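Let the sequences and hints guide you as you build the complete structure.
Residue numbers (UniProt numbering), protein chains in the order written: chain A, 1 to 218; chain B, 1 to 242.
Be careful, since some hints might not be right.
Derived lysine-lysine pairs resembling BS3-like cross-links, with alpha carbons at most 25 Å apart [as the list claims (entries may be wrong)]: (1) B:Lys110 to B:Lys96; (2) A:Lys117 to B:Lys45; (3) B:Lys96 to A:Lys215; (4) B:Lys59 to A:Lys117; (5) B:Lys18 to B:Lys220; (6) B:Lys110 to B:Lys68; (7) A:Lys215 to B:Lys132; (8) B:Lys119 to B:Lys104; (9) B:Lys18 to B:Lys68; (10) B:Lys45 to B:Lys59; (11) A:Lys117 to B:Lys104; (12) B:Lys18 to B:Lys45; (13) B:Lys45 to B:Lys68; (14) B:Lys45 to B:Lys220; (15) B:Lys18 to B:Lys59; (16) A:Lys117 to B:Lys96; (17) B:Lys110 to B:Lys74; (18) B:Lys96 to B:Lys74; (19) A:Lys117 to B:Lys74; (20) B:Lys132 to B:Lys119; (21) B:Lys220 to B:Lys25.
Pulled a few chain A residues facing chain B out of the computed Cβ check, cut under 7 Å [stated by the list, open to error]: (22) Ala114; (23) Ala118; (24) Gln120; (25) Leu127; (26) Gln142.
Hints in this document: simulated from the structure, not taken from any laboratory. Computed from a predicted model, the values in this text were never measured in an experiment. We treat Cβ as the ideally placed atom computed from N, Cα and C, and that holds for glycine.
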Amino acid sequence: MSGFDWNVILNNRGLLLQGLAVSFQLTLVAIAGGMALGTVLAMCRLSRFRPLAIAAGSYVNFLRSLPLILVIFWFYILTPQIVGHPIDAYSSVLIAFTLFEAAYYCEIIRAGIASVKAGQVNAGLALGFGQFHVMRYVVLPQAFRNMLPVLLTQAIIMFQDTSIVYVVGVRDFLTAADVVANSNNRPVELYSVVAVTFLVICFTASRLVGRLQRKYAL
Amino acid sequence: MIEVTGVSKWYQQFQVLKDCSLTIKSGEVIVICGPSGSGKSTLIKCMNGLEPFQQGEIKVGDVSVGAKGTDLPKLRSRIGMVFQNFELFPHMTVRKNITLPQVKILGRSKDESDARTIKLLERMGLPSQADKFPAQLSGGQQQRVAIARALAMDPVAMLFDEPTSALDPEMINEVLDVMVALAQDGMTMAVVTHEMGFARRVANRVVFMDQGSIVEDAPKEAFFGTPRSERAQLFLSKILQH
Ligand SMILES: Nc1ncnc2c1ncn2[C@@H]1O[C@H](COP(=O)(O)OP(=O)(O)OP(=O)(O)O)[C@@H](O)[C@H]1O
Ligand SMILES: [Mg+2]
Chain A
1 MSGFDWNVIL NNRGLLLQGL AVSFQLTLVA IAGGMALGTV LAMCRLSRFR PLAIAAGSYV
61 NFLRSLPLIL VIFWFYILTP QIVGHPIDAY SSVLIAFTLF EAAYYCEIIR AGIASVKAGQ
121 VNAGLALGFG QFHVMRYVVL PQAFRNMLPV LLTQAIIMFQ DTSIVYVVGV RDFLTAADVV
181 ANSNNRPVEL YSVVAVTFLV ICFTASRLVG RLQRKYAL
Chain B
1 MIEVTGVSKW YQQFQVLKDC SLTIKSGEVI VICGPSGSGK STLIKCMNGL EPFQQGEIKV
61 GDVSVGAKGT DLPKLRSRIG MVFQNFELFP HMTVRKNITL PQVKILGRSK DESDARTIKL
121 LERMGLPSQA DKFPAQLSGG QQQRVAIARA LAMDPVAMLF DEPTSALDPE MINEVLDVMV
181 ALAQDGMTMA VVTHEMGFAR RVANRVVFMD QGSIVEDAPK EAFFGTPRSE RAQLFLSKIL
241 QH
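Written out as structure tokens, the structure is:
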């Protein structure tokens, strides 16, 4: 085995960067979708209308007891059968991630909402805000601030988890690196670059979380 | 203005309010006192529908608080409420705390609301604090902002739940002074407090509660002269010691 050959990285940087972009995109879409759906789920779970609360609770508990990789397989194989025509792996993965993450975000958001004191809700109601506006102007902004660190930590975990899409052949960062590694027979260089890249991104992100936490703490 | 008639409330088996009746006329100031757990907070929270009750009736003007079809948000927007722990919204500046409800609830324009906010802050003796966050203010200042926020809605009555209990002694007076001025301006007020100095200065009547019942409801002269019930006498002697 000869020494490290960095040229293989440089020569294939386009492919690798594209893969990295896919990983980021997947992360961002799943965070946005997961948070939106997670907020709705959290509202449902906290709703006084029991059937809604139970339905949302079952959804969350069900998804949280499945391994992510199973959910990804499931959507990859099941979605085409449901919609009646084949869909691309990338879309199925986006849906799977969003639905899976929503279950986790739901629980984070629920805890965040519970962290806002009842007195704040009373103050909002006493001013004449309706339930919905109390949520929107009083509870949720504080809840999101309180859970910012957990939300971002979840986002970092999610970014690492995107590498699982390898199993259905979506060209994320790891898959791209794998393709390059195989065609050039340079696995050591490629997997090292993947490892270092993940390390740098995740480490920087978690430092950032710490900073934000200090800045936005209420 | 506010008419409480035969109100009872239960938490499961436990009866918090027992057949309470109380009338507050327009422009009157009522002080409610009594030992901890006697139901004072519960009673004034019933007045703006923050707490439901199972029996009796509460009317604010012609609106029945407990009735099914009552538009509670609208009713509440006409009654100001001030809490023991201020309950300013910590993620908004002082200005936003006072302006947002005017814009969102009353539908006032931004400019008009802002002008009103500045006027009220001046009246509260806080002209230069508008762009600070609540956490940057002292307790006394926060409570005055809370009063300004309530007043910005042009309420027909104000409810206070132990507005000075969470304050350091040296800040109590700055809040009481604002409340006295408000009372002298003719605001209808129900005030839960143990500040008997405040009661002496501006209260029309003093209401004493014990174990969920209104034990005594007397003009302040009569109340401070010779309370009729032993429990009120005992309570007064305790709190007047310090
Ligand atoms: N959510 C609740 N569930 C059950 N009991 C409650 C609840 N809220 C209040 N209580 C009880 O109702 C009684 C009256 O409470 P309330 O807060 O009205 O008393 P208070 O006179 O305001 O007392 P304090 O001076 O301590 O503020 C208390 O015994 C309290 O324990
Ligand atoms: Mg109380």
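Going down the list of hints, with the structure as the test:
Between Lys110 (chain B) and Lys96 (chain B), the direct Cα distance comes to roughly 10 Å. Compliance with the 25 Å bound is thereby established for this hinted pair. For the suggested pair Lys117 (chain A) and Lys45 (chain B), the alpha carbons sit about 17 Å apart, so the restraint of at most 25 Å is met. A C-alpha spacing of about 20 Å is found between Lys96 (chain B) and Lys215 (chain A), which places the hinted pair at or below 25 Å, so the restraint holds. The straight-line distance between the Cα atoms of Lys59 (chain B) and Lys117 (chain A) is roughly 29 Å, outside the 25 Å bound, and the hint therefore fails.
Among the hinted pairs, Lys18 (chain B) with Lys220 (chain B) is consistent with the structure: their alpha-carbon atoms are about 23 Å apart, no more than 25 Å. Distance hint between Lys110 (chain B) and Lys68 (chain B) is unfulfilled; the C-alpha atoms sit about 34 Å from each other, more than 25 Å. Only pairs whose Cα atoms come within 25 Å are accepted, and Lys215 (chain A) paired with Lys132 (chain B) is accepted, the gap being roughly 16 Å. Under the criterion of a C-alpha separation no larger than 25 Å, the hint pairing Lys119 (chain B) with Lys104 (chain B) is consistent with the structure, at around 19 Å.
Simply put, Lys18 (chain B) and Lys68 (chain B) have alpha-carbon atoms about 22 Å apart, close enough for the 25 Å limit, and the pair holds. Straight-line distance between C-alpha atoms of Lys45 (chain B) and Lys59 (chain B) comes to about 13 Å, which keeps the hinted pair within the 25 Å bound. Restraint check for Lys117 (chain A) and Lys104 (chain B): satisfied, since their Cα atoms lie roughly 22 Å apart, inside the 25 Å limit. Note on Lys18 (chain B) and Lys45 (chain B): the hinted pairing holds, with a Cα-Cα distance of about 15 Å set against a maximum of 25 Å.
A C-alpha spacing of about 17 Å is found between Lys45 (chain B) and Lys68 (chain B), which places the hinted pair at or below 25 Å, so the restraint holds. Distance hint between Lys45 (chain B) and Lys220 (chain B) is fulfilled; the C-alpha atoms sit about 23 Å from each other, no more than 25 Å. A distance of roughly 18 Å separates the Cα atoms of Lys18 (chain B) and Lys59 (chain B); the hinted pair therefore holds under the 25 Å criterion. Note on Lys117 (chain A) and Lys96 (chain B): the hinted pairing holds, with a Cα-Cα distance of about 20 Å set against a maximum of 25 Å.
For a cut-off of 25 Å, the pair hint linking Lys110 (chain B) to Lys74 (chain B) stands: about 20 Å separates their Cα positions. Taken as a hint, the Lys96 (chain B) and Lys74 (chain B) pair is honoured in the structure, with Cα atoms around 21 Å apart against an allowance of 25 Å. For the proposed pair Lys117 (chain A) and Lys74 (chain B), the alpha carbon gap of about 23 Å is at most 25 Å, so the pair holds. Note on Lys132 (chain B) and Lys119 (chain B): the hinted pairing holds, with a Cα-Cα distance of about 16 Å set against a maximum of 25 Å.
Between Lys220 (chain B) and Lys25 (chain B) the CA atoms are separated by roughly 15 Å; this keeps the pair inside 25 Å, and the hint holds. For Ala114 (chain A), the shortest C-beta to C-beta distance to chain B is roughly 17 Å, which exceeds 7 Å, and the interface hint is violated. Restraint check, Ala118 (chain A) versus chain B: the minimum CB separation of about 10 Å is more than 7 Å; hint violated. Here the hint on Gln120 (chain A) is kept, as its CB sits about 6 Å from the closest CB of chain B, short of 7 Å.
Against a cut-off of 7 Å between C-beta atoms, the interface hint on Leu127 (chain A) holds, since the closest Cβ of chain B lies about 5 Å away. With 7 Å as the threshold, the beta carbon of Gln142 (chain A) comes within range of chain B, its nearest partner Cβ sitting at about 6 Å, so the hint holds.
The structure is inconsistent with the numbered hints 4, 6, 22 and 23, although it conforms to all the rest.
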